[in-house]
Amino acid sequence: MSTAELADLLAQVRAGDSDAWGDLYGQYAPAIFRFCRRALPTREDAEDATTEIFMKVRQKLGMYDSSRPFTAWLYKVASNHCWDTLRRRRIRQDLETGDLETLPLEHPDPSQLEQLQIDHDSKHVRAGLAKLPDRARMALVLRYYSEMSYDEIADTLGVRRAFVGVLLLRARHQLRDVLAESGGGLHGAAAGGRA
Amino acid sequence: MSHFDEMTCLLYLEGQLDADHAERVRAHAAGCAECRGLLRALQTESVWLRESLEADEESVPARLVQAPEHGGAPWGWISALGLSAGGAYTVWSGFIEPWRAQVAQAGFTQGNLLTMLFFSGAFWKGWDAMRSLLEFLAIATLGLVVMWLLRRHLRRTTALAVVMGALALMVALPPSAAAAEQRHGDPNYTLPAGEVVHTDLIVSADSTRIDGDVEGDLIAFSRSVTVNGHIKGDIIAFSQELRVNGPVDGNVRAFVQSLQLYGTVTRNVLAWAGDVNLDQDAKVNGTLTAGSGHLEVNGKLVGDLLAFSGDVDINGQLGHNARIRGGHLTIGSRAEIAGQTTALLRQPPDVSTSAKMARPLDWTLTKRGSETSYSSGRYYLHQILKWGASFLFGLVLLFIVPGFFFDAVKACGKTAPAIGFGVLFFFAIPIAAVIVCITVVGLGVGISAMMFWAIAIYAAQVLVGAWLGEKILGEGAGAGAALGRLALGLAILRALGMLPYLGGWISFVVVIWGMGAVALAIYKNMRPQMAAVAAAV
Numbered sequence: 001m002s003t004a005e006l007a008d009l010l011a012q013v014r015a016g017d018s019d020a021w022g023d024l025y026g027q028y029a030p031a032i033f034r035f036c037r038r039a040l041p042t043r044e045d046a047e048d049a050t051t052e053i054f055m056k057v058r059q060k061l062g063m064y065d066s067s068r069p070f071t072a073w074l075y076k077v078a079s080n081h082c083w084d085t086l087r088r089r090r091i092r093q094d095l096e097t098g099d100l101e102t103l104p105l106e107h108p109d110p111s112q113l114e115q116l117q118i119d120h121d122s123k124h125v126r127a128g129l130a131k132l133p134d135r136a137r138m139a140l141v142l143r144y145y146s147e148m149s150y151d152e153i154a155d156t157l158g159v160r161r162a163f164v165g166v167l168l169l170r171a172r173h174q175l176r177d178v179l180a181e182s183g184g185g186l187h188g189a190a191a192g193g194r195a
Numbered sequence: 001m002s003h004f005d006e007m008t009c010l011l012y013l014e015g016q017l018d019a020d021h022a023e024r025v026r027a028h029a030a031g032c033a034e035c036r037g038l039l040r041a042l043q044t045e046s047v048w049l050r051e052s053l054e055a056d057e058e059s060v061p062a063r064l065v066q067a068p069e070h071g072g073a074p075w076g077w078i079s080a081l082g083l084s085a086g087g088a089y090t091v092w093s094g095f096i097e098p099w100r101a102q103v104a105q106a107g108f109t110q111g112n113l114l115t116m117l118f119f120s121g122a123f124w125k126g127w128d129a130m131r132s133l134l135e136f137l138a139i140a141t142l143g144l145v146v147m148w149l150l151r152r153h154l155r156r157t158t159a160l161a162v163v164m165g166a167l168a169l170m171v172a173l174p175p176s177a178a179a180a181e182q183r184h185g186d187p188n189y190t191l192p193a194g195e196v197v198h199t200d201l202i203v204s205a206d207s208t209r210i211d212g213d214v215e216g217d218l219i220a221f222s223r224s225v226t227v228n229g230h231i232k233g234d235i236i237a238f239s240q241e242l243r244v245n246g247p248v249d250g251n252v253r254a255f256v257q258s259l260q261l262y263g264t265v266t267r268n269v270l271a272w273a274g275d276v277n278l279d280q281d282a283k284v285n286g287t288l289t290a291g292s293g294h295l296e297v298n299g300k301l302v303g304d305l306l307a308f309s310g311d312v313d314i315n316g317q318l319g320h321n322a323r324i325r326g327g328h329l330t331i332g333s334r335a336e337i338a339g340q341t342t343a344l345l346r347q348p349p350d351v352s353t354s355a356k357m358a359r360p361l362d363w364t365l366t367k368r369g370s371e372t373s374y375s376s377g378r379y380y381l382h383q384i385l386k387w388g389a390s391f392l393f394g395l396v397l398l399f400i401v402p403g404f405f406f407d408a409v410k411a412c413g414k415t416a417p418a419i420g421f422g423v424l425f426f427f428a429i430p431i432a433a434v435i436v437c438i439t440v441v442g443l444g445v446g447i448s449a450m451m452f453w454a455i456a457i458y459a460a461q462v463l464v465g466a467w468l469g470e471k472i473l474g475e476g477a478g479a480g481a482a483l484g485r486l487a488l489g490l491a492i493l494r495a496l497g498m499l500p501y502l503g504g505w506i507s508f509v510v511v512i513w514g515m516g517a518v519a520l521a522i523y524k525n526m527r528p529q530m531a532a533v534a535a536a537v
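If you read the sequences in order, they're chains A and B.
Using the numbering used here, you'd call the opening residue of the first sequence number 1 and step up by one each time.
Using the numbering used here, you'd call the opening residue of the second sequence number 1 and step up by one each time.
Calculated cross-link-like contacts (lysine-lysine; reagent style DSSO-like; alpha-carbon spacing at most 30 angstroms):
#, chain 1, residue 1, chain 2, residue 2
1, A, K76, B, K524
2, A, K56, B, K471
3, A, K56, A, K131
4, A, K56, A, K76
5, A, K131, B, K410
6, B, K283, B, K232
Coverage of chain A stretches by chain B, computed from C-beta distances (three or more under 8 angstroms per stretch; other residues unrestricted):
#, region
7, 18-26
8, 30-42
9, 48-62
10, 113-120
11, 162-172
Note that these hints are calculated values from the structure, not bench results.
Cβ atoms here follow ideal geometry from the backbone N, Cα and C, with glycine treated the same way.
Could you build all of it, start to finish, from the sequences and the hints given here?
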């Protein structure tokens, strides 16, 4: 869909056109569902979240600044919603933050890291992702699926910008550990190596 | 120069280092195979992560095909408003108004419902009680407002826990705030003659005997309670047997198997009992309100009599009116009734010709409750209004706790576990609540559990109805679709409930099924928190 077509569609939705709303939903709902599926732990959560996100989108469409890309705004709404959902469920966020502040920064063994990537396909990675703590999973999804900037990730997760890198590195370590435990092989990559 | 750490390498690859720092990394990596290897591994990992996340191996679920119509078709709201009115009318016409009319006919002649409820009759205890009631209502309203304002910040189960906790607290607070002596029998308890308890006395024992005096209320949880002393407050008893021989300056409120009154009660008697006997030496200066299997009034009742009893025998003096609804009424030769006696009975009454009655008995024969009037239009109107009331309840549930509503509806789909848990909770909660109540300390918890149980029973039909509607029309997205499915499902359940013979059983299964779904949904909502707590520990 071209920018002009999208702008026209959005104008119709704003004017209350139900068909236009259906078209917009049909265009973006699958992508948002896939995003939610990666950000939230279960399929049911992702289904509920997708519906709720589009309800929010319809309510907030008047606040969308058309000078910015629509998809970026849409993902921003979606990521905020998912993070709110996760945050409301969690009571251990502070504990995770504490762990991150004391993260030991050690090199992994590059060869073991490469071996891990060979041993695990995308299905394994996504299954491993579902086992990560909410914040770690969210950070990886926002960065490597939604391609958000460090500023946007910091804003969504409510952390300092300087903390985003630590968050991402910690999330990678946790994912490596999860995959290593499920498939064997990498444990030394996260813990071993040289200082 | 020492190697760069992994953090620096990642930030370098992600373009997050300032120019100088990035240049230093680049220069070092050019001459360091180990750091080059790490950079390459991290870079490959980034690509691997992106590809893995972008890979699309899962289809979009069917329920997401249709766009949610938030704020679209207003039919849901229109029907909701209509049904709200219907629901409110049902509550008024089905519960409040008939009761008000009956009580008014029985001689409680105050002008409106509130005055009648709180300023007279069996419920009036004093201004302290009135103040407590107002405080309770104020707290409840405030709590609801706060919950509404904070709804986005509260986890669904947290909200439930807050409500139940607050209810428990409010119910539990009055006894602990009041000055009261608590006594536990070992296994029996006796207050010896000559001893005086200057506050309220709360007793839990196998057998309780009060020979001394109590200046406050006597609250007893006991198999058998015998009161020979003077009680200056009220008697509130939960027991198998209550025998009151001594004078009571306040009210008697009994939830017992058998109530025997031999003394004088200055105020009112409210009894929910198998048998109630007002002995010929007994005198009640206020009113007698009884829901019982068998009621005998041989003594003197100064105020009104309001009875919902299987059999009623009157052989004593009634100073005012009597309103009786029951199976059979006998008015004996020694009966003296100064007011009007009105009775709705299933059998014609036996009235002794020697009985002295100021006005002739006004009695009407009624059908048994189980005989449904299928030919009556009023019956179908009531069914429609009941359907409206349950729809209204579902609507409130859907908008206050949408997550819980959908979880519970989904849980109805797990038929076997839902029915299994339903049977367990249907029987276990009341038993547990009664056991907890008997310990006195857990009175608030027990009463809260029973309230929750009652709400769950009503919610059961709503959840099963919503599930049934979804099965028939298919899954829908958004609140409007859920309401449509709820309306259809409830209509079908209501129609099934009207079937002769089978209807009652179907309704029972629906209650069990829905209750199990409530249990499963609560479990599902609590599980992440429990896991989090376990992880934190």
